[in-house]
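Engineer: Below, each chain spelled out in residue letters.
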Amino acid sequence: MQSVNDQKAPEREGATEPEPKNATISIRNLDFLYGENQVLHDVSLDIFPNEVMAFIGPSGCGKSTLLRCFNRMNDLVEGAKIGKGSIEIHGTDLQDQSVDVIELRKKVGMVFQKSNPFPKSIYQNVAYGLQIQGLKSKKIIDEKVEESLRKAALWEEVKDRLNENAYGLSGGQQQRLCIARTLAVEPEIILMDEPCSALDPVATGRVEELIFGLKAEYTIVVVTHNMQQAGRVSDRTAFFYLGKLIECDLTKKIFLNPSKKETEDYISGKFG
Amino acid sequence: MDEKMKSTFKKDKLIKAFFASNALTSIIILGLITIFLFKEGIEFFGQYRHELERYRGSGMEYAKVVSTQHNEQTTLYRYLENILSKEVEHFESLPSNGPNREKGEQGRQDLLALTRSFQDSKELLLTYEKDVVKWAAETKLFLITQNDLIEVKSEAIEQKLPAEDFPETIGELKERNSFTHRELARWRNYFIRHEREDLAKRINPKAGDEMGTTEKGKINDLTDRIRKSATVEYAETLIAQEKQFSEIFSGFKPNFLLPESEKSLAQAQEALKEYLSKVPTYKERLTQWDPLTPYPLHRALTGFLLGKDWVTNSARQDWFGVLPLLSGSLLVSLIALALAIPFGVGSAIYINQIATTREQSIIKPCIEFISAIPSVLIGFFGIAVLGGMVSFITDERLNSLTAGFLLALMTVPTIFTLAEDSLNNVPRVLRDASLSLGATRWQTCAKVIFPSAITGIISAVLLGFGRVIGETMVVLLCAGNRIAIPDFTSGFGVFAQPVHTMTGIIAQEMGEVEFGSIHYRALFMVGITLFLISLLVNFLSQTIANRYKNSY
Numbered sequence: 001m002q003s004v005n006d007q008k009a010p011e012r013e014g015a016t017e018p019e020p021k022n023a024t025i026s027i028r029n030l031d032f033l034y035g036e037n038q039v040l041h042d043v044s045l046d047i048f049p050n051e052v053m054a055f056i057g058p059s060g061c062g063k064s065t066l067l068r069c070f071n072r073m074n075d076l077v078e079g080a081k082i083g084k085g086s087i088e089i090h091g092t093d094l095q096d097q098s099v100d101v102i103e104l105r106k107k108v109g110m111v112f113q114k115s116n117p118f119p120k121s122i123y124q125n126v127a128y129g130l131q132i133q134g135l136k137s138k139k140i141i142d143e144k145v146e147e148s149l150r151k152a153a154l155w156e157e158v159k160d161r162l163n164e165n166a167y168g169l170s171g172g173q174q175q176r177l178c179i180a181r182t183l184a185v186e187p188e189i190i191l192m193d194e195p196c197s198a199l200d201p202v203a204t205g206r207v208e209e210l211i212f213g214l215k216a217e218y219t220i221v222v223v224t225h226n227m228q229q230a231g232r233v234s235d236r237t238a239f240f241y242l243g244k245l246i247e248c249d250l251t252k253k254i255f256l257n258p259s260k261k262e263t264e265d266y267i268s269g270k271f272g
Numbered sequence: 001m002d003e004k005m006k007s008t009f010k011k012d013k014l015i016k017a018f019f020a021s022n023a024l025t026s027i028i029i030l031g032l033i034t035i036f037l038f039k040e041g042i043e044f045f046g047q048y049r050h051e052l053e054r055y056r057g058s059g060m061e062y063a064k065v066v067s068t069q070h071n072e073q074t075t076l077y078r079y080l081e082n083i084l085s086k087e088v089e090h091f092e093s094l095p096s097n098g099p100n101r102e103k104g105e106q107g108r109q110d111l112l113a114l115t116r117s118f119q120d121s122k123e124l125l126l127t128y129e130k131d132v133v134k135w136a137a138e139t140k141l142f143l144i145t146q147n148d149l150i151e152v153k154s155e156a157i158e159q160k161l162p163a164e165d166f167p168e169t170i171g172e173l174k175e176r177n178s179f180t181h182r183e184l185a186r187w188r189n190y191f192i193r194h195e196r197e198d199l200a201k202r203i204n205p206k207a208g209d210e211m212g213t214t215e216k217g218k219i220n221d222l223t224d225r226i227r228k229s230a231t232v233e234y235a236e237t238l239i240a241q242e243k244q245f246s247e248i249f250s251g252f253k254p255n256f257l258l259p260e261s262e263k264s265l266a267q268a269q270e271a272l273k274e275y276l277s278k279v280p281t282y283k284e285r286l287t288q289w290d291p292l293t294p295y296p297l298h299r300a301l302t303g304f305l306l307g308k309d310w311v312t313n314s315a316r317q318d319w320f321g322v323l324p325l326l327s328g329s330l331l332v333s334l335i336a337l338a339l340a341i342p343f344g345v346g347s348a349i350y351i352n353q354i355a356t357t358r359e360q361s362i363i364k365p366c367i368e369f370i371s372a373i374p375s376v377l378i379g380f381f382g383i384a385v386l387g388g389m390v391s392f393i394t395d396e397r398l399n400s401l402t403a404g405f406l407l408a409l410m411t412v413p414t415i416f417t418l419a420e421d422s423l424n425n426v427p428r429v430l431r432d433a434s435l436s437l438g439a440t441r442w443q444t445c446a447k448v449i450f451p452s453a454i455t456g457i458i459s460a461v462l463l464g465f466g467r468v469i470g471e472t473m474v475v476l477l478c479a480g481n482r483i484a485i486p487d488f489t490s491g492f493g494v495f496a497q498p499v500h501t502m503t504g505i506i507a508q509e510m511g512e513v514e515f516g517s518i519h520y521r522a523l524f525m526v527g528i529t530l531f532l533i534s535l536l537v538n539f540l541s542q543t544i545a546n547r548y549k550n551s552y
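From first to last, the protein sequence lines stand for chains G and R. All residue numbers for the first sequence refer to the working numbering, where the first residue is 1 and numbers rise by one. All residue numbers for the second sequence refer to the working numbering, where the first residue is 1 and numbers rise by one.
Be careful, since some hints might not be right.
Stated by the list, open to error - Now the in silico label distances, taken between C-beta atoms and shown as ranges:
| no. | chain 1 | residue 1 | chain 2 | residue 2 | range |
| --- | --- | --- | --- | --- | --- |
| 1 | R | E368 | G | G213 | 51 to 57 Å |
| 2 | R | D421 | G | P58 | 33 to 39 Å |
| 3 | R | I370 | G | G91 | 33 to 39 Å |
| 4 | G | Q131 | R | L323 | 44 to 50 Å |
| 5 | G | Q131 | R | M389 | 44 to 50 Å |
| 6 | G | G213 | R | A23 | 40 to 46 Å |
| 7 | R | D421 | G | I82 | 43 to 49 Å |
| 8 | G | S197 | R | F492 | 54 to 60 Å |
| 9 | G | G91 | R | D421 | 43 to 49 Å |
| 10 | G | G171 | R | T8 | 52 to 58 Å |
What the hints assert, rightly or not - Below 35 Å or equal to it, Euclidean Cα-Cα: the simulated DSBU-like pairs (lysine-lysine) are:
| no. | chain 1 | residue 1 | chain 2 | residue 2 |
| --- | --- | --- | --- | --- |
| 11 | G | K81 | R | K263 |
| 12 | G | K253 | G | K151 |
| 13 | G | K261 | G | K244 |
| 14 | R | K447 | G | K138 |
| 15 | G | K81 | R | K103 |
| 16 | G | K114 | R | K10 |
| 17 | G | K120 | R | K13 |
| 18 | R | K447 | G | K107 |
| 19 | G | K244 | G | K107 |
| 20 | R | K364 | G | K120 |
| 21 | G | K136 | R | K447 |
| 22 | R | K364 | G | K139 |
| 23 | G | K215 | R | K447 |
| 24 | R | K447 | G | K151 |
| 25 | G | K144 | R | K447 |
| 26 | G | K159 | R | K364 |
| 27 | G | K114 | R | K364 |
Said to hold, decoys possible - Not everything, but these chain G residues come out facing chain R in the computed CB check (under 8 Å):
| no. | residue |
| --- | --- |
| 28 | R105 |
| 29 | K106 |
| 30 | F118 |
FYI, nobody ran anything at the bench for these hints, they're computed from the structure. Each residue gets a CB set at the ideal place from its N, CA and C atoms; glycine is no exception.
Bound-form chain G, shown alone (with noise of 0.2 Å):
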């Protein structure tokens, strides 16, 4: 997957809508179910390059379903598949028969919500997806891990103990090793899902400012619940509410101005 993206990412501040066609994932109408339980409705979007898009919506609103649809993590759940429409990853549908599972997912990284490094040292954690590829050659991964404990900020807090067990940090740095864990791979696109919701203040200032750092080289779909954090990291800001996508627009436009109701209604804080 070559990336197309001739065109530069949207500002943050004060930015266009980008063209469709240029877009990294375009989602197509899709429903997804659960069973018989219907948990997407009708959703489109798409997101681009070098973006960082929120998702933000209350509980069981299918935000983490989608999310976990670009690297089909959903095919482990039993009986969840998708009922109409499409997902198109550089135009190729993530459902068609030729797409590699494996490569897909070494394309598209995922950070949990809760930190979950292996029970490995460090070092273990960050070589573990490229020793899986069949990498040998210590001197690579030694460089791999480096750089990319580097990407994620780490690589100072960890380079004299990365031979220690990886349980030994704490819960903002193991989240990071999760991040740097995911780059090592050298994904396209990163998910997150909920990154921040185990972590302390601070942990939180430090991971969000590390995904605004990754922007530059990865397109970045976050999961949140909280939109104080939305506001802080994203372009664009999508907010789905009972399994449908509400509204899709600029940050700042969704948090000054949204179009819908639902959203303001969200936004206000008048539930969720």
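Using the hints, position chain R against chain G.
Structural biologist: Showing chain R alone in chain G's frame:
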């Protein structure tokens, strides 16, 4: 309102007391079992030391050396016998008027003569051995009788029974060199009269006859006799034998029908040479033997822990070495675990990682049901069905392999359930993380899930081991119950040997032993050994399981 609250409070206390007492009772009972076990078992060492001292003091130890030497000669004799039987077999198969017939007849006669004269020569040592055993047995009987008498007398003194027919003091009893039938009968009747049947039972008047010390002199003379015979009768026997051996072989002109007999004969002569080189060691051991050398207590301990023989109710000497039983138990457990680990862990991985919900709902209860089958039924199945199947690959129906198979079956549920639990306890997010990095299901399983669950799986295996080593009924029925250390030099053949186990021996012999006897205590010691092994295994598995809990 206050009244109501008070009664609720009271009820609360009662309920609390009920549950607390349940827990407390279990713990107290556990403590009592432990104390009882150790109390009964620990006296074994004193008794065993006593027994071994008697073994030495009576001359049985000496007889044992002679007996070992004689056994070596018997082995040599077997060589010759083998050659003879092969030759004869071949001879019989020849046509009755064939050309080799006459030559064969001559050869056979010669060989027969050789074998016979060797046996005759061997007989010299056997005769000597028999004499020594007779003297030693007499002395041993005396020592046992004396010991018993001293014990019952001290009991009588403690109970303040009147002296009457039993005026002898303990000091006097210790000084005695023999007891007659009449004396023993009188003392026995004395205890019966005082309604102490339990003590009377310990005096056996017949022992007085069997000792026969009146015609042969004093007991001390007998041990002296043995000691002196080492330089007289024994030395003479050896000289005579050595001379005869060399004469037998030098006078023999081999005239074999079978070419391999030549080789066998050479082998036999080689073995004879080796034996002769060992003779001086025997000589030295016997001449230096002293019945009065004390037996240190730690020898009783090592005699139990490292003893290679478990011999009970023997005419000469009982041995209580735990090694044959321990090695049997361990061998059977090893076989069982070697089979149960792949099956148990394998099915756990299948259920946890691959199986559909429907498959899970069928397989899991099935495997878990195995543990509900009474072990006696499994043993029954082993004798009736599995034994026959095993006999296709081994000589015997019931051996460590049969028992190992069945124990594996019994322990699969334990390992399966615990291993499955520990796989299940690996957080889902770890699996998700691995998959989201582009790992395949197998990579995830092998590199993340299995290593994360490994401590749990190890503790599952250890608990399985604890279950196997403590299992009684199946091994008693199916392990073959031959008390001997398995021959580990025979390669894979070791798995086909019948063994006896620690649990099996307790179940088998505990019903028949005399309360408080050394055999009874020895069984308790075996029980303690088993208890300690189980304790260790449990402790290890809990330590490991705890570490595993802390790792998330």
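Engineer: Take the hints in turn and mark each one as holding or not.
Structural biologist: Hint check results:
The given range of 51 to 57 Å is respected by E368 of chain R and G213 of chain G, whose C-beta atoms sit roughly 53 Å from each other. A C-beta distance of roughly 36 Å is found between D421 of chain R and P58 of chain G, which places it inside the suggested range of 33 to 39 Å. Taken as a hint, the range 33 to 39 Å is violated for the pair I370 of chain R and G91 of chain G, whose Cβ atoms sit roughly 55 Å apart. The hint said 44 to 50 Å for the Cβ distance between Q131 of chain G and L323 of chain R, and at roughly 48 Å that hint holds.
The hinted range of 44 to 50 Å is satisfied by Q131 of chain G and M389 of chain R, whose Cβ atoms lie roughly 45 Å apart. In this structure the hint that G213 of chain G and A23 of chain R lie 40 to 46 Å apart at CB is violated, the actual value being about 58 Å. Hint check: D421 of chain R to I82 of chain G, Cβ distance near 35 Å, so the stated range 43 to 49 Å is violated. Between S197 of chain G and F492 of chain R the Cβ separation comes to about 59 Å, which falls inside the hinted range of 54 to 60 Å.
The beta-carbon spacing between G91 of chain G and D421 of chain R, approximately 46 Å, falls within the hinted interval of 43 to 49 Å. At about 44 Å, the CB distance of G171 of chain G to T8 of chain R disagrees with the hint of 52 to 58 Å. About 81 Å separates the Cα atoms of K81 of chain G and K263 of chain R, which puts this hinted pair outside 35 Å; it is violated. For the suggested pair K253 of chain G and K151 of chain G, the alpha carbons sit about 30 Å apart, so the restraint of at most 35 Å is met.
Restraint check for K261 of chain G and K244 of chain G: satisfied, since their Cα atoms lie roughly 14 Å apart, inside the 35 Å limit. The straight-line distance between the Cα atoms of K447 of chain R and K138 of chain G is roughly 18 Å, inside the 35 Å bound, and the hint therefore holds. Restraint check: the Cα-Cα separation between K81 of chain G and K103 of chain R comes to about 94 Å, which exceeds 35 Å; the hinted pair is violated. With a C-alpha separation of about 46 Å, the suggested pair K114 of chain G and K10 of chain R falls outside the 35 Å cut-off, and the hint is violated.
For the given pair, K120 of chain G sits about 48 Å from K13 of chain R by alpha-carbon distance, which is inconsistent with the 35 Å threshold. Note on K447 of chain R and K107 of chain G: the hinted pairing holds, with a Cα-Cα distance of about 21 Å set against a maximum of 35 Å. The suggested pairing of K244 of chain G with K107 of chain G holds, with an alpha-carbon distance near 27 Å, which does not exceed 35 Å. For the suggested pair K364 of chain R and K120 of chain G, the alpha carbons sit about 31 Å apart, so the restraint of at most 35 Å is met.
The straight-line distance between the Cα atoms of K136 of chain G and K447 of chain R is roughly 16 Å, inside the 35 Å bound, and the hint therefore holds. Proposed proximity of K364 of chain R and K139 of chain G is contradicted: the alpha carbons are some 46 Å apart, above 35 Å. For a cut-off of 35 Å, the pair hint linking K215 of chain G to K447 of chain R stands: about 31 Å separates their Cα positions. For the suggested pair K447 of chain R and K151 of chain G, the alpha carbons sit about 25 Å apart, so the restraint of at most 35 Å is met.
Restraint check for K144 of chain G and K447 of chain R: the C-alpha separation of about 20 Å stays at or below 35 Å, so the hint holds. Between K159 of chain G and K364 of chain R the CA atoms are separated by roughly 46 Å; this puts the pair beyond 35 Å, and the hint is violated. Straight-line distance between C-alpha atoms of K114 of chain G and K364 of chain R comes to about 31 Å, which keeps the hinted pair within the 35 Å bound. About 4 Å separates the beta-carbon of R105 of chain G from the nearest beta-carbon of chain R, less than 8 Å, and the hint is met.
Checking K106 of chain G against chain R: minimum C-beta separation of about 4 Å stays under 8 Å; hint holds. The closest approach between the C-beta of F118 of chain G and any C-beta of chain R is roughly 6 Å, which is under the 8 Å cut-off, so the hint is satisfied.
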